[in-house]
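Undergrad: In the UniProt record's numbering, the protein residues as written are 1 to 261.
Honestly, the hints are just simulated from the structure, not real lab data. A couple of the hints might just be wrong.
Said to hold, decoys possible - The calculated SDA-like cross-link candidates involving lysine to any residue, where the alpha carbons are at most 25 Å apart (straight line), are: (1) Lys34 / Leu6; (2) Lys164 / Gln137; (3) Lys132 / Tyr173; (4) Lys3 / Gln196; (5) Lys76 / Arg66.
As the list claims (entries may be wrong) - Just the calculated beta-carbon pair ranges, DEER-fashion: (6) Lys163 / Asp46: 33 to 39 Å; (7) Gly69 / Arg243: 23 to 29 Å; (8) Glu50 / Gly195: 35 to 41 Å; (9) Arg215 / Lys142: 20 to 26 Å; (10) Gly69 / Asn47: 33 to 39 Å; (11) Ile113 / Asp46: 37 to 43 Å; (12) Gly195 / Asn15: 34 to 40 Å; (13) Gly195 / Lys142: 19 to 25 Å; (14) Lys34 / Arg243: 30 to 36 Å; (15) Pro5 / Phe232: 43 to 49 Å; (16) Arg58 / Pro5: 17 to 23 Å; (17) Asp105 / Lys142: 23 to 29 Å; (18) Lys238 / Arg66: 35 to 41 Å.
A virtual CB, placed ideally from N, CA and C, is assigned to each residue, including glycine.
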Amino acid sequence: MEKQPLVSIITPSFNQAKYLEKTIQSVLTQDYPKIEYIICDGGSEDNSVEIIRKYSDRIASWTSERDHGQVDAINKGFNQAHGDILAWLNSDDTYEPGAVSAAVDYLIQNPQIGFVYGDCNFIDSDGNIIGKFNARQTNLKKLQSGYVHIPQQSFFFRADLWKKVGPLDDSFYFAMDYDLWVRLARITQFHYLHGQTWANFRLHDDAKTIAADARCWPEMLRVHLRDGGSRFSLIFAKYYLRRVLAPWITWNRKRKFHKNR
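Make the full structure from the sequences, and use the hints.
TA: So this is what it looks like as structure tokens:
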């Protein structure tokens, strides 16, 4: 039997005690036996540390100290990770059972693939499924035009690639994952496994997707222009359309997760 690779999963967190335990449990109850779980807490002032300590004997490493935000926390986690495969799961999101095993199996069977992603649910603050992330197969050219369709929560990639393209750019607040995917797509193949739901993306009032959505597309445009893209391109057209539709999109998201309360 082929040796099972170590999977390192990072959870960045700050004052997310309301959801953190569900996140931790979703990692620790995975059926894959070789997981290195690292939690990087930004010095939370709620009872996050108490929750982390409750599971400390099953967590490879954790810290609770002031940092420079989510990107800094993820970079710190990856810098101490020993895994062959890497992922990060935010402290308000969760994995579905069997997610890690499925991702590992695919990467073992397809050594030419640098990263893989599956489907992802939208859930509300109580964990109820309220929709489906619009995941699709994409490629470098499509990524650069704004055809992203990659749910970060269900994304797993090879650690040797991190050594080539990391760390995450801490000048991004929102689009650091998009920036990483573009950098990875330049040097590796990647694949979307349709029909395999690996994670849950929680939408709630304090989530960045709701509270700071307007910052996302300008950051994506920065990546596009950095790579030599034109202002007369599809991604800019999408940006202007998004600006027009943004109030409706935000209202619809809020409507979905308040509907089930």
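Undergrad: Now, for every hint given, state plainly whether the structure supports it.
TA: Tested hints:
no.: 1; hint: Lys34 / Leu6; verdict: holds (5 Å)
no.: 2; hint: Lys164 / Gln137; verdict: holds (23 Å)
no.: 3; hint: Lys132 / Tyr173; verdict: holds (24 Å)
no.: 4; hint: Lys3 / Gln196; verdict: holds (24 Å)
no.: 5; hint: Lys76 / Arg66; verdict: holds (12 Å)
no.: 6; hint: Lys163 / Asp46: 33 to 39 Å; verdict: holds (35 Å)
no.: 7; hint: Gly69 / Arg243: 23 to 29 Å; verdict: holds (25 Å)
no.: 8; hint: Glu50 / Gly195: 35 to 41 Å; verdict: holds (39 Å)
no.: 9; hint: Arg215 / Lys142: 20 to 26 Å; verdict: holds (22 Å)
no.: 10; hint: Gly69 / Asn47: 33 to 39 Å; verdict: violated (21 Å)
no.: 11; hint: Ile113 / Asp46: 37 to 43 Å; verdict: holds (39 Å)
no.: 12; hint: Gly195 / Asn15: 34 to 40 Å; verdict: holds (35 Å)
no.: 13; hint: Gly195 / Lys142: 19 to 25 Å; verdict: holds (21 Å)
no.: 14; hint: Lys34 / Arg243: 30 to 36 Å; verdict: violated (45 Å)
no.: 15; hint: Pro5 / Phe232: 43 to 49 Å; verdict: holds (44 Å)
no.: 16; hint: Arg58 / Pro5: 17 to 23 Å; verdict: holds (19 Å)
no.: 17; hint: Asp105 / Lys142: 23 to 29 Å; verdict: holds (26 Å)
no.: 18; hint: Lys238 / Arg66: 35 to 41 Å; verdict: holds (37 Å)
Comparing the model with each numbered hint stated earlier shows that hints 10 and 14 do not hold.
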